[in-house]
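Chemist: Chain residues, written in single-letter form:
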Amino acid sequence: MDISSLIDSLHPLEVKVLSTFGTNPSAVLQTEQLAQSSGLEPSQLSMAVEWLLAKSLLTVDTETVTPIVSLTKVGDLYFEKYSPIERVLSAARDAATTGKRLTIQDIQAREGLEPAEVSGAIGRLKKEGALLIIQGGCIESTGRPSQTAEAMRSLLQQLHGATRELREFSEAQRQVIQDHAVKRGNAREPFRIDDRVARALKLSVAGIDAAQQLSLQGTAEEVSQLTPELLKDGSWRTKRFRKYTISLRAPRIAPGKRHPYREFLDTVKTKLVSMGFQEMRGSLVETEFWNMDALFMPQFHPARDIHDVYFVKEPTHASSIAEPFLSRVMQAHQDGGETGSTGWNYPFDAERARRLVLRSQGTAVSAHTLAAQPAVPGKYFSIARCFRYDQVDATHATDFFQVEGIVLGEDINFRTLLGLLNLFAREVAQAKEVKFLPAYFPFTEPSVELHVRHPKLGWMELGGAGLFRPEVTLPLGITVPVIAWGLGLDRMAMVALGIHDIRELFTDNLDLIRSTRGAF
Amino acid sequence: MPTITIFKQDLEGLLAGPGEALQSITMEQLEESLMLGKGELKGQNPDTGELRIELQDSNRPDLWCCEGIARQIRVKRQGALAKYDFLTNTSTSPKRLNVASGLEKVRPFVAACAATGYRVTQEGLAQLIQTQEKLAEMFGRKRRTVSIGLYRLAAIEFPVTYDLVKPDEVTFTPLGMDTVMTLGEMLLVHPKGLEFGGILAGQDRLPFLRDAKRQALSFPPIINSREVGEVRVGDDALFVEVTGTDLSMVVLTLNIFAANLADRGALIEPIEVRYPYKTALGETVMTPQDLGKSRTLPIGTIEQALGQALGTHEVAKALAAYGYAVTTGPEQVTVTLPLYRQDLMHAVDVVEDVAISRGYGDFLPVMPSQFTVGGLSRIEMVSDRVRALMVGMGFQEIISNILGSPKDLRDAMRLEGTEWGKLVEVDNVMSQNFSALRQWMLPSLLRVEAASNRAFYPHRIFEAGEVARPDPAQPLGSRSVTVLGGVIAHADAHFSEIHSCLDTLFYYVNQAYSLEPIQHPSFLAGRVGSILSGGKQVGVIGELHPEVLERWQISVPAVAFEIDLTELAERS
Numbered sequence: 001m002d003i004s005s006l007i008d009s010l011h012p013l014e015v016k017v018l019s020t021f022g023t024n025p026s027a028v029l030q031t032e033q034l035a036q037s038s039g040l041e042p043s044q045l046s047m048a049v050e051w052l053l054a055k056s057l058l059t060v061d062t063e064t065v066t067p068i069v070s071l072t073k074v075g076d077l078y079f080e081k082y083s084p085i086e087r088v089l090s091a092a093r094d095a096a097t098t099g100k101r102l103t104i105q106d107i108q109a110r111e112g113l114e115p116a117e118v119s120g121a122i123g124r125l126k127k128e129g130a131l132l133i134i135q136g137g138c139i140e141s142t143g144r145p146s147q148t149a150e151a152m153r154s155l156l157q158q159l160h161g162a163t164r165e166l167r168e169f170s171e172a173q174r175q176v177i178q179d180h181a182v183k184r185g186n187a188r189e190p191f192r193i194d195d196r197v198a199r200a201l202k203l204s205v206a207g208i209d210a211a212q213q214l215s216l217q218g219t220a221e222e223v224s225q226l227t228p229e230l231l232k233d234g235s236w237r238t239k240r241f242r243k244y245t246i247s248l249r250a251p252r253i254a255p256g257k258r259h260p261y262r263e264f265l266d267t268v269k270t271k272l273v274s275m276g277f278q279e280m281r282g283s284l285v286e287t288e289f290w291n292m293d294a295l296f297m298p299q300f301h302p303a304r305d306i307h308d309v310y311f312v313k314e315p316t317h318a319s320s321i322a323e324p325f326l327s328r329v330m331q332a333h334q335d336g337g338e339t340g341s342t343g344w345n346y347p348f349d350a351e352r353a354r355r356l357v358l359r360s361q362g363t364a365v366s367a368h369t370l371a372a373q374p375a376v377p378g379k380y381f382s383i384a385r386c387f388r389y390d391q392v393d394a395t396h397a398t399d400f401f402q403v404e405g406i407v408l409g410e411d412i413n414f415r416t417l418l419g420l421l422n423l424f425a426r427e428v429a430q431a432k433e434v435k436f437l438p439a440y441f442p443f444t445e446p447s448v449e450l451h452v453r454h455p456k457l458g459w460m461e462l463g464g465a466g467l468f469r470p471e472v473t474l475p476l477g478i479t480v481p482v483i484a485w486g487l488g489l490d491r492m493a494m495v496a497l498g499i500h501d502i503r504e505l506f507t508d509n510l511d512l513i514r515s516t517r518g519a520f
Numbered sequence: 001m002p003t004i005t006i007f008k009q010d011l012e013g014l015l016a017g018p019g020e021a022l023q024s025i026t027m028e029q030l031e032e033s034l035m036l037g038k039g040e041l042k043g044q045n046p047d048t049g050e051l052r053i054e055l056q057d058s059n060r061p062d063l064w065c066c067e068g069i070a071r072q073i074r075v076k077r078q079g080a081l082a083k084y085d086f087l088t089n090t091s092t093s094p095k096r097l098n099v100a101s102g103l104e105k106v107r108p109f110v111a112a113c114a115a116t117g118y119r120v121t122q123e124g125l126a127q128l129i130q131t132q133e134k135l136a137e138m139f140g141r142k143r144r145t146v147s148i149g150l151y152r153l154a155a156i157e158f159p160v161t162y163d164l165v166k167p168d169e170v171t172f173t174p175l176g177m178d179t180v181m182t183l184g185e186m187l188l189v190h191p192k193g194l195e196f197g198g199i200l201a202g203q204d205r206l207p208f209l210r211d212a213k214r215q216a217l218s219f220p221p222i223i224n225s226r227e228v229g230e231v232r233v234g235d236d237a238l239f240v241e242v243t244g245t246d247l248s249m250v251v252l253t254l255n256i257f258a259a260n261l262a263d264r265g266a267l268i269e270p271i272e273v274r275y276p277y278k279t280a281l282g283e284t285v286m287t288p289q290d291l292g293k294s295r296t297l298p299i300g301t302i303e304q305a306l307g308q309a310l311g312t313h314e315v316a317k318a319l320a321a322y323g324y325a326v327t328t329g330p331e332q333v334t335v336t337l338p339l340y341r342q343d344l345m346h347a348v349d350v351v352e353d354v355a356i357s358r359g360y361g362d363f364l365p366v367m368p369s370q371f372t373v374g375g376l377s378r379i380e381m382v383s384d385r386v387r388a389l390m391v392g393m394g395f396q397e398i399i400s401n402i403l404g405s406p407k408d409l410r411d412a413m414r415l416e417g418t419e420w421g422k423l424v425e426v427d428n429v430m431s432q433n434f435s436a437l438r439q440w441m442l443p444s445l446l447r448v449e450a451a452s453n454r455a456f457y458p459h460r461i462f463e464a465g466e467v468a469r470p471d472p473a474q475p476l477g478s479r480s481v482t483v484l485g486g487v488i489a490h491a492d493a494h495f496s497e498i499h500s501c502l503d504t505l506f507y508y509v510n511q512a513y514s515l516e517p518i519q520h521p522s523f524l525a526g527r528v529g530s531i532l533s534g535g536k537q538v539g540v541i542g543e544l545h546p547e548v549l550e551r552w553q554i555s556v557p558a559v560a561f562e563i564d565l566t567e568l569a570e571r572s
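Those sequence lines, one after another, are chains Y and F. Take the first sequence: its position 27, counting from 1, is numbered 27 in this note's numbering, and each next residue is one higher. Take the second sequence: its position 326, counting from 1, is numbered 326 in this note's numbering, and each next residue is one higher.
Here chain Y stands alone, though its shape is the one from the complex (with noise of 0.2 Å):
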């Protein structure tokens, strides 16, 4: 670890230790001097210490053991009501004055002391002489002083509230001292004897690095959060500001995005917008004549019965039907009317045509278009919700999308409806290699299919197209040569997105929406 990360990652009460040494890095301070300099309570000195010490930026320079002598319970307990040395011992003088026998029975009963204590007391004193055992199991003062008894009064008294080296007291006060203290098996001592431990410390290299390097940052406070006030007063200067751990996870969101679905389909917009494309809208719901009269679908064909298609329930039909279109796309249907062609010879219904049905194909937007006296030249798109009648599964959708259109001009033919695919291959599907086949279509001749290498799909259909016959163009009212182009974009649509299923394109799952990225 280098020095600024090992710096950062230091605690602040380490810090306040290395800080201590501050301007003298190569002192050795005592544990006492360090709690003094720095300020801090004992037991945090004390982490702090071992926390250097474990990352070796300390080092113990010396160790000093000093034994210090406190009073224990017993030796306050002692101070307030005397010794048992000194009770025995004031017991027999008393009994001395008075000439009373003493029994050391009498002793333990007046005194309330344990017989332990009281024998211990009378084996010390006898031992000094300042006490005799006399027939009788009597005591019997002699007069003489005891140096225990005197000691122990006057170490009560220095200890009390207070703790001192053991080396400060005298050869015999040390003795009564260690005779009287706290060891094991025997807890009723007046005195505890503990060693106290000095360290002298001071900086490893590293330590020293590490002091100076906080010596130049300086002393300022370390703060977590910069606030208003510390912009405000202009404070912010003096302090740190705590570094993160910024490797953790971060924390989750939902943003607010695009469907990614609805983002490929605004980039198919998009590009058909920059090929110069006007986008077109229509109704959900369809006359059968426009859905499909107008594209020149005789009413037998079999796309257009109850199993193609959806019709409405209430109303079933509209009111009326355009004219003069109504009239000359019935023409056409019966013997070609106007447009050249034999017809389809059979007796159109012109109540069928008002038959109300759900959009099925994105061309019923176009035909509208072409009644509506569109530009030429002219490119038209629309993005239409058609709706078929399929059993749904993971490739068959019931309601879904075509992206469709026309293109309107006196230079439309054959080859520049190729042109036109090869630029759709290339903008929307980058493909570079494309395939037209033959196809048919009822609306269109000749009709075409694009197929396309895909960078990712391989050989795919992309669409089909085709030139309006004139048995669509002439009854709108349009006499130049007209594009019809449909794009299929669903399978490019769910392999940009992931998705292996049709319906998860309409997915009700907002996990999934949330996470998916939709790259396209």
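These are computed hints drawn from the structure, not numbers from a lab. One should not assume that every hint holds.
[As the list claims (entries may be wrong)] Which stretches of chain Y does chain F cover? Using the computed rule of at least three CB atoms under 8 Å from a CB of chain F, they are: (1) 418-428; (2) 464-477.
[Said to hold, decoys possible] Partial selection, computed: residues in chain Y whose CB lies under 7 Å from chain F: (3) K257; (4) I306; (5) Y310; (6) G378; (7) F387; (8) T398; (9) F414; (10) L437; (11) E445; (12) N509.
As the structure is a computational prediction, the values presented were derived from the model and not from experiment. Don't be surprised by glycine CBs; every beta carbon is placed ideally from N, CA and C.
We have chain Y; now place chain F onto it with these hints.
Modeler: The following block gives chain F in isolation, referenced to the frame of chain Y:
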């Protein structure tokens, strides 16, 4: 569009012609050649040589069989169609088929021929039956316009009569049964009678085909007699008849069968049909018959449509190699379709055949050169703008089906019996789930809410899209309107939260609005308002009613709005 099964060896035999050695074709060549007939190979079994082919062109029933596909390829390889001579091959005393009067009101037309000298093979029989089925089903509109019968010629004594009889007048044993029954009984019990009997509904007399000995041939268009109406492998003399309601389709269908059998080596013997009533072809009609009319086209028309100068010779060559009979004149061609086709309605049909015959690869693509200005519709621009604003406010966009169920669109929203609950419904319902167009957007968004209680909250979702509003004043009985719907759902979702969004939206589309308290069953009373703008109701906003949430099984509060974008777009 039909998908048919053929066998590769059978195809290779037909490519060569009867009595010739097989003309082999690789799969690659086959796929290329299928383009001539707008066919696509859909599957194959290399062990049996079985090929499954889809034919796109619904106006070319001649291609819906092995013979037809082989013929189109063969003509291209040979450069022209070898003329069928059976049309000129009429004897002075042809076999006759008499039509009974009254059939003009039932099933007026019939065409027939005899075919001898071709011994029916397994593969040939399979094709005959498949062609019979596909033509009657798809070209003959489920036998209504055209149906076909095949018989063993040896058992038939001419003249044959296409008769009209009472349902209980005659009896015979139909194919697939082993008891004699009347025609009326066949309609009631025979599977084909049940399937196709509707064609004859309301008729008190029924079509009946019999021979000179009054032996039953069939009950058109229902079922053949078991005795003479079952062709077997090994038969070498056949009688083919086609009945129907459209004379040219009936004749065309017979022409296709005649050409198919001739291609397999049969000698076709035409039959004279005598009608007691007038037909477009007269009262005595020889069948098969070439109905093709010649048509003269300026070369310029073809060249202009193709965008390529080809010249008379190249055009004539391409059309001949596609089966046309062609004569050329100065800057023009006169063309006649072969007898197995009748799909020339307009000059453009010839144009396409020139292109297909030459191959689409022969035409160099050219970019349309004229300048046009692209752009979006007004409603799309408004829609894009509000979508961007919704995204900016943290909403996730949704796309939903427009087709839904009345249960979701109306009932789950507590709108039964209200103006808001009126729907554009489907008449021919396949599934209740897809039986009505959505009349507003919120059910689409609640559908997502209901499915997403495990997606982390808050949920902010929107959709801009079309709905269909019933409106008797409109010519279509409804209006397609683009609307915007937004929903916020989480534990503390509150009216003011969605109100802020609405407020922001109106600010940025630069429109003034106000809210007016209303009663709306989908929302909590006192927490729902109509959005008024420009003196019109343009939407609704509120806290969704707990019962609505309960019906959708949504477990958190939800607030929502919906705005009519079409109204806003028309205004500004």
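Chemist: Next step is simple, just say for each hint if it's right about the structure.
Modeler: Now for the hints, and whether the structure bears them out:
| no. | hint | in the structure |
| --- | --- | --- |
| 1 | 418-428 | holds (count 6) |
| 2 | 464-477 | holds (count 4) |
| 3 | K257 | 6 Å, holds |
| 4 | I306 | 5 Å, holds |
| 5 | Y310 | 5 Å, holds |
| 6 | G378 | 6 Å, holds |
| 7 | F387 | 6 Å, holds |
| 8 | T398 | 5 Å, holds |
| 9 | F414 | 5 Å, holds |
| 10 | L437 | 6 Å, holds |
| 11 | E445 | 4 Å, holds |
| 12 | N509 | 6 Å, holds |
Checked against the numbered hints listed earlier, the structure breaks none of them; every hint is satisfied.
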